[in-house]
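Going down the list, the protein sequences come from chains G and F.
Using this note's numbering, read the first sequence as starting at 124 and increasing by one per residue.
Using this note's numbering, read the second sequence as starting at 8 and increasing by one per residue.
Heads up, some of the hints might be wrong.
To be verified - The following residues of chain F were derived to be distant from chain G, with all beta-carbon distances above 10 Å:
(1) Ala221
(2) Thr244
(3) Leu268
Claimed, not checked - Selected chain F positions facing chain G (Cβ under 7 Å, derived; list incomplete):
(4) Ile69
(5) Phe233
(6) Leu245
(7) Leu250
What the hints assert, rightly or not - Label pairs and their in silico Cβ distance ranges:
(8) G:Gly994 to F:Leu271: 53 to 63 Å
(9) F:Gln146 to G:Glu832: 27 to 37 Å
(10) G:Ala1031 to F:Lys76: 54 to 64 Å
(11) F:Asp70 to G:Gly838: 31 to 41 Å
(12) F:Lys76 to G:Gly999: 34 to 44 Å
(13) F:Lys76 to G:Gly994: 32 to 42 Å
(14) F:Ala142 to G:Gly994: 50 to 60 Å
(15) G:Glu832 to F:Ala79: 47 to 57 Å
(16) F:Ala142 to G:Gly878: 49 to 59 Å
(17) F:Gly140 to G:Gln932: 26 to 36 Å
For the record, the hints were derived by calculation from the structure and aren't laboratory data.
Only a predicted model underlies this, so the values are computations on that prediction, with no experimental measurement involved.
We put the CB at the ideal spot given by N, CA and C, even for glycine.
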Amino acid sequence: MIGALGFTTPALLLALLALPVLWLILRAVPPSPARRLFPGVVLLLGLKDDDTVTDRTPWWLLLLRLLAVAAIIIGLAGPVLNPEKQTVGNGPLLIVMDASWASAQSWRARLQSLDAIIAQAGRDGRRVAAVRLSTPEQPVFQSAETLRARIAGMGPDPWAPSENTMREFSNLLGEETFETIWMSDALDRAGRAQLLAALEKHGAVRVIETTRAVLGLLPASFADGAVQLIAQRSRAGIAADIVVQAHGRDPAGTMRVLGVLPLQFDADATVASGALSLPSELRARVTRFEIKGAHSAGAVALSDDSLRRREVALIAGRDDREGLELLSPLYYLNRALAPSTDLLDGALMDILPANPDVIILADVAILADAEQSALLEWVDAGGLLVRFAGPRLAASPISRKEEHPLMPVRLRSGGRSVGGAMSWGAPKALAPFSETSPFFGLAIASDVTVSSQVVAQPDPTLAARVIAQLSDGTPLVTRKTIGAGQVVLFHVTANAEWSSLPLSGLFVEMLARLAVSSSTATPDAADLAGTTWQPIRVLSGFGALEDGSTLPGVKGEDLLKSPLGPTLRPGVYAGESRTLARNINLAGEAFAATNWPSHISVEGITRASQTPLTGILLALAMVLLAADVIASLALSGKFRLAPAIIVLLALLAPEKPAMAQTLDDEAAVNATAELVLAHVLTGNQALDDTANAGLLGLSEVLFFRTSVEPANPIGVNLETDDIGYYPLLYWPITPEQPRPSQEAYAKLNQYLRSGGMILFDTRDAGIARFGGSSPNGRALQSLAAPLDIPRLEPVPEDHVLTRAFYLLQDFPGRYARGALWVEAAPPDAEKIEGMPFRNLNDGVTPVVIGGNDWASAWAVDARGNNLFPVGRGFGGERQREMAYRFGVNLVMYVLSGNYKSDQVHVPALLERLGQ
Amino acid sequence: MTSAILRQHAEGEAAKLPPLLARAEHLAGTVLLGEHGRRRAGLGDDFWQYRPAQIGDGARMIDWRRSAKSDAQFVREREWQIAQTVMFWVDNAASMQFSSGKNHPTKGDRAQLVAMATAILLQRGGERIGLTGSALPPQRGEAQVLRMSEFLAQTPDTDSAADFGAPVASGIPAHARTVFISDFMGDLAPVQAALTQSADHGVRGVLLQVLDPAEEAFPFSGRTIFESMGKTIRHETLKAADLKERYLQRLAGRKAALSALCDLAGWQYHCHHTDKSAQSALLWIYRALDQAAFHGRGFA
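Turn these sequences into a full structure, and let the hints guide you.
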């Protein structure tokens, strides 16, 4: 062991002693010479070398080789960085794990560490016992292998060991002596010091705990229109950013992150707080808040009804009384419900899809069939429909003979009015609420009187449906259940017309009892006494929600404050009318980091892992040997830098696309580095060959006679090639050639507009006149139809084409008779007095069309022989010469435009300058 | 050799012809010709003078248009344009097959190209061309160019050929022009003999030394065994880079020796490198031949 370095087979290192011998051997063998063919060798004969030092292998090459060999030797000796310390203990080993939710953050590392400890104990032949303080039991020392198989499935518990469980465990320890390893969750709690003292009586204690701070999220509360979130941590020291996510189901029922709130711990703070503002729609959907990435039950805050605000839809039967606000049937309901609920406004059919908790119909009598069935469905699914009576309901025929599905009772026609000027009785007061009524316990306000109401028809079911009545026994509020929901009817109006009930505080309390308005306050232990709560979903130690319906119920008084344990798990509990969440962290309980006595050794969970270096050293040896190969080659002159770099680049370079790119670029450079005449590939091999040979012949003529020196002609495929590189396209026409695609036509039009020229050759002047009289002519007409071709005319006598290089009046190819058509001169072109030519347009004609088969007249083979006969005898050669001259003129015209046309003005310009 | 193999070889050789000829034509196309008239009456195309018809002049020789203007008969004389004879010797020894890189041709290739282009130019100018030795006597006409390219294309195999060529000075008519193209890496004595012999016969000419850039730069280092192309000569060195300076000195000495030889014999010497354009060599030869024509014989 050398520092942090160790060897598995140190004996191999002795081989290093052989290195000096190797040095001597290698030194004696020089590199082999390079053989070169070189005619100048005669001049070298007799020349002597100045020195002979390089006869031997140079020292640096030797060093390179020795280093390679040394790397191999050391590599084979098995070097290991940070080899694990072999601490040998004896006697039984007790592993005490806190196994609480606070350990969950680094549970994996804990398990690995635990596994390593148990494995080590197994190698040392020690018996081991592992105990979870969260569920203490008598330590059973057993063989390490048995234990190892068990720990893999262990998970943290969603509660922490309490003082009770620790005391209980210290009583279970017995008399045996053992070493203890305490895997702490780094949170201090009461009873820890006592347990430590008890453990130390049996032997040495080591502590393993993480230095990471434990994160916790306090239960969320709703204040100031936003969800207030508070996170805490066990250790301050460095500033940290965390993200709190609100999880819930989206309308499709999928769990999603509904909101995100970043929080920041200041460097010296253990608490970070913030407010998350969510729309009530979303807020109602939130099931839990969680610190992102913490994966611990402590970092989860479950939400219950306390965050929910009920959504209440208010619908009035008459809204034609604008301005009379105090008479509006909804005014008092608005006032009563606005502080504690979210009110929805709108048409019934618009509101129903939003699935409100409560719908209040104030004096609404008749519902359309669709509305009624939708409403019925909604109530059946658990909605609460509250109806208020009023003049309309009293006047309507509903629920008179038959009980209306959306009315709790049948009504007598007309209703009654008491205490008015024309009636005998005084206004009636409320009777005390019966025990079965949901309003039981509310104080009756004596000033509440009812002067008018609708009256229920006596029915066998009526008594069970009355939940509030007047002092004379007349039902005031009736209720019936429909499926999971219920319908409640107030027999009075929602405004103060028929009774003073809406003016009283009792009205608000009654609405709250009906769970119309949501009670946001968390009940206290006294409220919960005697109730039993059923767990719906409970948290695992890692903070995942699990089904809790198989767990036994919990007493209400224990639910809020009792320490968590196997019988009281954190989770969501359902009571009669609401749900309550029990979280791990309670407001006001701060985290405290552990503070172990100084004589206890505390280790981190993770240790520097050992790194075998064999592979690295052997790789290094290979690299050195490769360098040796290159150096040896270089020394003997066989190594060429350029090919090596090319090979390297080829290995490193990205593949195909770059190659294609370079190929494209290469083609473009080839096409543009020199002037290239081009012809359109027609698909007819013989025709294409002729066109190519023709352009080759023309290129040769141009080369010899003019300063235009074209390279070899190119055939272009209209579909794939870029035609913009070529100033002139020769296009022989054949009836069977395929029509170009739309893209190709677009390309051609672009080409024509941007100054390109196409020479169309129908090659049939020997048998046909210009036009559609021949198959080739018709093919040309169909091919050129989509092209942007201007009006044409036969070449006029004064066209620039007739004098661009040679003076010409006819343009023969293999045939001499055919006409040549170019873009028509503008109609206003007039011949000026004294000028030989008209002042024609500046533009170069984009197309030249003829049928004289010029390519055949121009065509030459590779040796310069003419391929096709033209005419007969000397006259034929003359015609060929004229064909060449036409070609020269055409290329000149393409390249120099109307330069020649402008030339005729030069004398006039000079004359003017002279004046 | 069976006829099949012979045919195959012949086709292989024939395949070489068009490219060489085409490239040579291309190269020759870059030079514009000027006629060199003899400033005296003789056979030629250009008008020289009218002279009175003498006894012995055939009736066909009388220029009737001129004669109709006066009583005497006149004969139209043309300027005498004499054709020169230009003989070529192109080294085809093994050393000429050397090329140090893929980007430039072998020395032999370049030498043949320049010779052919010169020959084409001369043929267009109406000169007689031929190869030294007995292979191809001087003649006029397009066919001679073809024949010459055939002879040049008959490159001997590298293995059987001599390592370094020696100029053949036989078969040169007196007062002819001569073009020697070689790398002149071999023994200088045959060169000297050839030049002396030529000078004795009033033969002038040009000496074009074609060298590879590697032979000029000597870009070698390390332990090396240098071998001639035929592998008959070898030289081993442990440190090639050290030899560079002395090699270059010797090369410069050789060039100076060749130049001095040429001066003595009234020839002209030029060194051409294969990485340069062939056109420069062609232009130089053409100009040098022109000078040789005027200064050598003084027809003016």
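>> Output the indices of the hints that this structure fails to meet, ascending.
In response: Hints 1, 2, 4, 10, 11, 14, 17 contradicted; others consistent.
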